[in-house]
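**Q** Place chain H on chain Y using the hints.
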Amino acid sequence: MLSSLSASPILTIPVASSSLAPRRAGFRSRLIVTNSATAYKERSSAQGMAATATVCGSLYEVLRIPVGATNQEIKSAYRRLARTFHPDVAAVGRKDSSADEFMKIHAAYCTLSDPEKRAVYDSDLFKRRLNRQRPLTAAGFSGYTGRNWETDQCW
Amino acid sequence: MAEQQYTVASDSETTGEEKSSSTYPDIAIGVDIGTSQCSVAVWNGSQVELLKNTRNQKLMLSYVTFKDETPSGGISNQLNHEYEMLSGSTIFNMKRLIGRVDTDPVVHASKKLPFLVQTLNIGVRPFIAALVNNAWRSTTPEEVLAIFLVELRAMAELQLKRPIRNVVLTVPVSFSRFQLTRIERACAMAGLHVLRLMPEPTAVALLYAQQQQQTVHENMGSGSEKNALIFNMGAGYTDVAVTATAGGVSQIKALAGAAVGGEDILQNMMGHLLPDSEGLLLSHGIKDIRRMGMLRVATQDAIHRLSFQTSVKVDVDLGNGTNICRTINWEEFEEVNLKVFEKCESLIRQCLHDAKVDIEDLTDVVLVGGCSSIPKLRTLVKDVCKKQELYQGMNPLEAAVAGAALEGAVASGVSDPFGNLDLLTIQATPLAIGVRADGKEFVPIIPRNTTMPARRELSFTTTHANQTEALILIYEGEGTKVEENHLLGYFKLVGIPPAPQGVPEINICMDIDASHVLRVFAGVMMPGSEHPVAPFMEVRMPTVDDGHGWCAEVLHRAYGSTLDLVTVHKK
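Protein chains in written order, with this note's numbering: chain Y, -5 to 149; chain H, 294 to 864.
Treat the hints with caution; some may be incorrect.
[Claimed, not checked] Simulated DEER-style distance windows between Cβ atoms:
1. Y:Arg58 - H:Ile415: 55 to 61 Å
2. Y:Arg123 - H:Val796: 35 to 41 Å
3. H:Ile415 - Y:Lys111: 45 to 51 Å
4. Y:Thr78 - H:Leu372: 56 to 62 Å
5. Y:Leu124 - H:Gly338: 54 to 60 Å
6. H:Asp709 - Y:Thr64: 27 to 33 Å
7. H:Lys774 - Y:Pro109: 34 to 40 Å
8. H:Glu776 - Y:Gln66: 41 to 47 Å
9. Y:Gln66 - H:Thr347: 49 to 55 Å
The set of hints was computed from the structure by calculation and includes no laboratory data.
The C-beta atom is built at its ideal place from N, Cα and C for all residues, glycine as well.
Isolated chain Y (complex conformation) (with noise of 0.2 Å):
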């Protein structure tokens, strides 16, 4: 079971994120792993469409819109998205993962409607594109240890 799962893409941003942060890999990976490790087993089965959100990099990734989308776009990308990964309508055995990728989205959401963390979070990755030539996982965030997708939560 692990070790299908360790040859998967979906593995690579819960993987990456923790090993930013080792001293803390204790639980949260833990959470995570399982939590996608669920997630993975019901997609395979059905749910071809949850697998897009996991293997993405960048916030715009997350929510599937280019780079330069207007305030209005990352709206409409959020609210499109939270009908169908929030839990709440996602289907029965999926509550655990979607709650995963919804928190994911809200996140990313969070971040890009905000002009200003927008800003910085922009500028941020274009000079990750500049050093580049690795791809866009949370592993690219070395220069940026002092966030992740957790620390990027607003509410």
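**A** Relative to chain Y, chain H alone:
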């Protein structure tokens, strides 16, 4: 009386959701148990319909009368006269009492009610009793609510001709998770399974979202976003929500609430009409209860009439030579209730501030609840929100239950061909959840108004050298000190390796999952180690039992600060 007695089922039955997908559509009903009135509604396949009792009432009084050991509630019972409810044998206002301990100011205010509420001020459940045949029969708010819910369920089953199990219940914003467990317990005693507990203004927000969806006919996820402020003031509680709505999705941006309501207005007015009434109200002698009932009815009537006239005459003979005969006008009424209205205003301002929404960006202001016809409240809400008009589209007394019924249909997986159920409420946490650290400070881990589901963590460390254990006390509330907040539970983290003060890193993570269940994780990391040094703890909250408000104090007395935590300030 062929009334069914209430059944006791396990209150930890939380896995009922799977069952609902079986043969017939078990659409959850929406229930709004108000401090004063209650209503039930259900999605009937095309719209929300409020259910009526045998006396054709959609709004039923929330009370239970204890007579000769056979209690009967406001759903089925016919009161001969208003005074019957005030004779001491009837328990009402249970929503103000449920899940509260006897140090709570709201419990203290309830001592002026005709039935018996006694407090010892030690943080246990108050003593509540009804007068039956000149003797006090003790009961609990959960029991009263359960008896009431059994009647309510029987009424719904009779009308819908099917068994009812799943309910969506509206609750005040200011209820702690501990209070919510008491509500769930009462439901379980009545054989009902709580599918969702919705803060009242968020149920109204859902109804608003549906109405916007219907009027605009816009496509999913598109269309302009509308910000609405929802103000709901009932007999027991005042709640505010700011929501951003578009395409049937209602994102709750902020919530605010307090245990302030029509009951406070009524008590203020009773005190105003009869300044030395305190002793009368607290005595609970048989004659005093009757006189107090007369005062209460006369005052209630005066407040009601003040909604339509600028001044009213109160003329009531309480016997014993006490005669009240005077005229009350709006100015007097507003002055007596100044604090209540100030609280309303501050709740609105706080909610707008937390939502980061400017008053100019509010599309609609919705005023609902039993107090919504009070002229002063209407002008206050309009003035604070700088609006000429309030939102017109909903019945202020039925909005919350209609929203709950919509949520019941959505949560039961019902779909509507016309898209009337393509709705989603994205909820936010009404209260902050955190731990005790840095002395008696409340350190929030999941702040108030965090979108749910949510997961947050914070790092703490030891307060003493070689501290091998830490006491994790979980609180919920708005205060900066733990005493101001509700204790949800506590557990001990053991096996911290002996080290100088401040070296071990104690990580506390809180997770609110898809079913809104709160779990707390705690683990210890030592410098240089990749993994937690001891097995981490995972505890589902709340863990405290009823009436354990004294617990925090006893723990403090027993352990002092030996097991305390301090926050780690990361750069």
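**Q** Each hint needs a verdict: does it hold in this structure or not?
**A** Quick rundown of the hints versus the structure:
Here the CB-CB span from Y:Arg58 to H:Ile415 is close to 57 Å, well matched to the stated 55 to 61 Å. A hinted range of 35 to 41 Å holds for the C-beta pair Y:Arg123 and H:Val796, which are about 40 Å apart. Range check, H:Ile415 to Y:Lys111: Cβ separation about 48 Å, and the 45 to 51 Å hint holds. Taken as a hint, the range 56 to 62 Å is violated for the pair Y:Thr78 and H:Leu372, whose Cβ atoms sit roughly 50 Å apart.
At roughly 58 Å, the beta carbons of Y:Leu124 and H:Gly338 sit within the given window of 54 to 60 Å. Against the hinted window of 27 to 33 Å, the Cβ-Cβ separation of H:Asp709 and Y:Thr64 comes to about 31 Å, which satisfies the hint. Taking the beta carbon of each, H:Lys774 and Y:Pro109 are about 36 Å apart, inside 34 to 40 Å as hinted. The hint said 41 to 47 Å for the Cβ distance between H:Glu776 and Y:Gln66, and at roughly 46 Å that hint holds.
About 52 Å separates the C-beta atoms of Y:Gln66 and H:Thr347, a value consistent with the hinted range of 49 to 55 Å.
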